[in-house]
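In order, the protein sequence lines correspond to chains A and B. According to my numbering, the first sequence holds residues 5 to 108 in order. According to my numbering, the second sequence holds residues 21 to 205 in order.
A portion of the hints provided could be inaccurate.
Unchecked claim - To give an idea of the chain A side of the interface with chain B (calculated C-beta under 10 Å), a few residues:
no., residue
1, 28
2, 33
3, 49
4, 67
5, 79
6, 81
7, 97
8, 100
9, 102
10, 106
11, 108
Stated by the list, open to error - Here are the in silico distance ranges between beta carbons for each label pair:
no., chain 1, residue 1, chain 2, residue 2, range
12, B, 70, A, 94, 44 to 54 Å
13, A, 100, B, 171, 27 to 37 Å
14, A, 97, B, 117, 25 to 35 Å
15, B, 172, A, 95, 48 to 58 Å
16, A, 95, B, 202, 52 to 62 Å
Calculated directly from the structure, the hints in this document are not laboratory data. Beta carbons: idealized from backbone N, C-alpha and C, even for Gly.
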Amino acid sequence: MNQVPLSHILFVSTALFFIGMYGLFTRRNMITMLMSVELILNSVNINFVAFNKYLYPDKLEGVFFTLFIIAIAAAEAAVAIAIIINLYRNLHSIDVEATDEMKF
Amino acid sequence: MSASAVVFYILSFFILATGLLAVTSRKIFRSAIWLLFSLTGIAGLYFWLQMEFIAAVQIVVYVGGIVVLIIFSIFLTQQSGKDLPAPVRGRVLFSTLAVCAGFALTCVLLRGYAFRPLGHPVGGGGAGAGAENMGVDASVGNIGAQLLSTSEHGYVLPFEVISILLLAAMIGCIVIAIKVKPEDK
Numbered sequence: 005m006n007q008v009p010l011s012h013i014l015f016v017s018t019a020l021f022f023i024g025m026y027g028l029f030t031r032r033n034m035i036t037m038l039m040s041v042e043l044i045l046n047s048v049n050i051n052f053v054a055f056n057k058y059l060y061p062d063k064l065e066g067v068f069f070t071l072f073i074i075a076i077a078a079a080e081a082a083v084a085i086a087i088i089i090n091l092y093r094n095l096h097s098i099d100v101e102a103t104d105e106m107k108f
Numbered sequence: 021m022s023a024s025a026v027v028f029y030i031l032s033f034f035i036l037a038t039g040l041l042a043v044t045s046r047k048i049f050r051s052a053i054w055l056l057f058s059l060t061g062i063a064g065l066y067f068w069l070q071m072e073f074i075a076a077v078q079i080v081v082y083v084g085g086i087v088v089l090i091i092f093s094i095f096l097t098q099q100s101g102k103d104l105p106a107p108v109r110g111r112v113l114f115s116t117l118a119v120c121a122g123f124a125l126t127c128v129l130l131r132g133y134a135f136r137p138l139g140h141p142v143g144g145g146g147a148g149a150g151a152e153n154m155g156v157d158a159s160v161g162n163i164g165a166q167l168l169s170t171s172e173h174g175y176v177l178p179f180e181v182i183s184i185l186l187l188a189a190m191i192g193c194i195v196i197a198i199k200v201k202p203e204d205k
């Protein structure tokens, strides 16, 4: 792995982040927006692991941050899906344009 | 170009292609399956970086947990064979412009910055025995010992906080998604 410079891994994670941003901008379905958020979180995880591996090889902080981000992502996905199911039960739609009941 | 570099470029192409398909596919179930492939590719990238524990956690939590949860919620909330409505053309145009501009800006910044390992004279591109020795000791025992250590660089407090957070999220999900019976209303 020493032949691949760190910046190439960062290019991959940047591209993945902006793919997730594109999905977040264009999609209007809540489940697909949740998928885009997962892609963004994963790109951040790749960054943490790559920085830990290349720049601080004697420490483990990047690994711990990645583990905590994965745990928080799991909690976030579970809460988001509970909210989506509750919304579907009330509105019969999971389109974000349909959720305008609290609009002022 | 060595075999390891070839593996890296194939893996990154796989991750990016399946990620792009996941955000552009018009069928929501296919989109979830492409997301599954992308997350598996990221687990492969962790294996390539020799972080076996992170790769295992990625497969267990993301591929085995979150994607299955997403597929369940797709089945619960809509007809999976139906196409999603196409996004508005102007929105696609402007988000493509914004995303390309952001990507270009980040790439320019990344190119201009020289990443150097602190306290290590051997750079990432150096070949030989010195570069071979700079591996992280990311074994499960080492991670577990530091995760539960109460000394200066231990992570026992964030570990406990995250377990409370998971418990709170679990109870919160049950409270939010519980079905209220009509006579209770």
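task: Give me the numbers of the hints this structure contradicts, sorted from smallest to largest.
output: Per hint list: 8, 9, 10, 11, 13, 16 violated.
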